[in-house]
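S.K.: Whenever a hint applies, use it, and build me the whole structure from the sequences.
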Amino acid sequence: MTTEMTQHNNSQEDIDKQNHGNPKQYGRPDEKVIDFIKIAKPMAIISILLTIASIFFVATKGLNLGLDFTGGISAELNYSQAASQADVVNALEQGGFQDPVVQTLGTERDMLVRMPPQDASLENLAKHIQQAATLPNNSVSVLKVDSVGSQVGNELYIRSAGAVALAMVLMLIYVTIRFEFKLAIGAVLSLFHDIIIILGCFALFQWPFDLTVLAAILAIIGFSLNDNIVVSDRIRENFRKIRDASPREVINISLTETLRRTMHTSLTLMLVVVAMMILGGDGLHWFSVAMFIGVVVGTYSSIYIGTAYALWRGLNRQDFIVQVKPEFDEDEVEIP
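So in UniProt numbering, spot 336 of the sequence shown is number 336, and the numbers just go up one at a time.
Hints in this document: simulated from the structure, not taken from any laboratory.
Be a bit skeptical, because a hint or two may be false.
[What the hints assert, rightly or not] Restricting the straight-line Cα-Cα distance to at most 27 Å, the calculated cross-link-like pairs of lysine-lysine (DSSO-like) are:
| # | residue 1 | residue 2 |
| --- | --- | --- |
| 1 | Lys241 | Lys32 |
| 2 | Lys38 | Lys241 |
| 3 | Lys144 | Lys127 |
These numbers come from a predicted model, not from an experiment.
M.R.: Shown next, in the form of structure tokens:
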């Protein structure tokens, strides 16, 4: 009898060991749990190397700041017929203007032209632009010419950097209040990782960095923050619900559960970004490039940086248990 009970207990222990980490053990559907944390260390090494390389390129090569930050000339044009951006750029370059950037303003007849600073007065410059921008069988009117000084561009650059820093600080506060400080630090690290890699790519290839790229960076901050919040919320929920799993298992289960949602969101956004990259013209091209890079690294960082850091810092179930202070001290209760 004792031998049979011992064999039964040993068999049950073997079954428990085999089921350890099995989703069915925790009341979940019979689906495979991906061990994301298994390759967290090599992924962390890759992220560190990419971050160091990006910082190096930004520090040594610098960003190729656009006219929004360096100053220059902007002119609004109105054509009698629809015109293509490529034709307007070619006409301006043949007219002697260097590096013109052309954007449509609502319709294909209205264009915004931005160029480096010019020596001529605004009045003479308007005449020169009108002559150069005129297309065959398509006359043009120069509605307005403005000059943006470098001092304004520098001020805009400083404010832009401040906006990015403020967004990261507010995100740290929000995630700390709603979830846990370890997850908040991981989320900030993943955001810094995403931003610095975007900047590193633009510095390495000397792509123009203008306000549209800055807008893309702010959009990526929101995208990455949303991903981190979804993952953090599922981690908190599973830590409270699954009591007999290790922190590593809980994080793997949480990442597996949110993987489908993460991939669907990323792929949907990627389709839109690629469409803008191909069809959006010059005005949206670099915005789309920055968004493309940000979505790729943001999807990766929400899985392998934020959660891996929190696990490394010792994230566990106790971090999500709300401590309730007793209303009275038991020692002071008087028994009649």
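S.K.: Of the numbered hints stated previously, which ones are contradicted by the structure, given in increasing order?
M.R.: none
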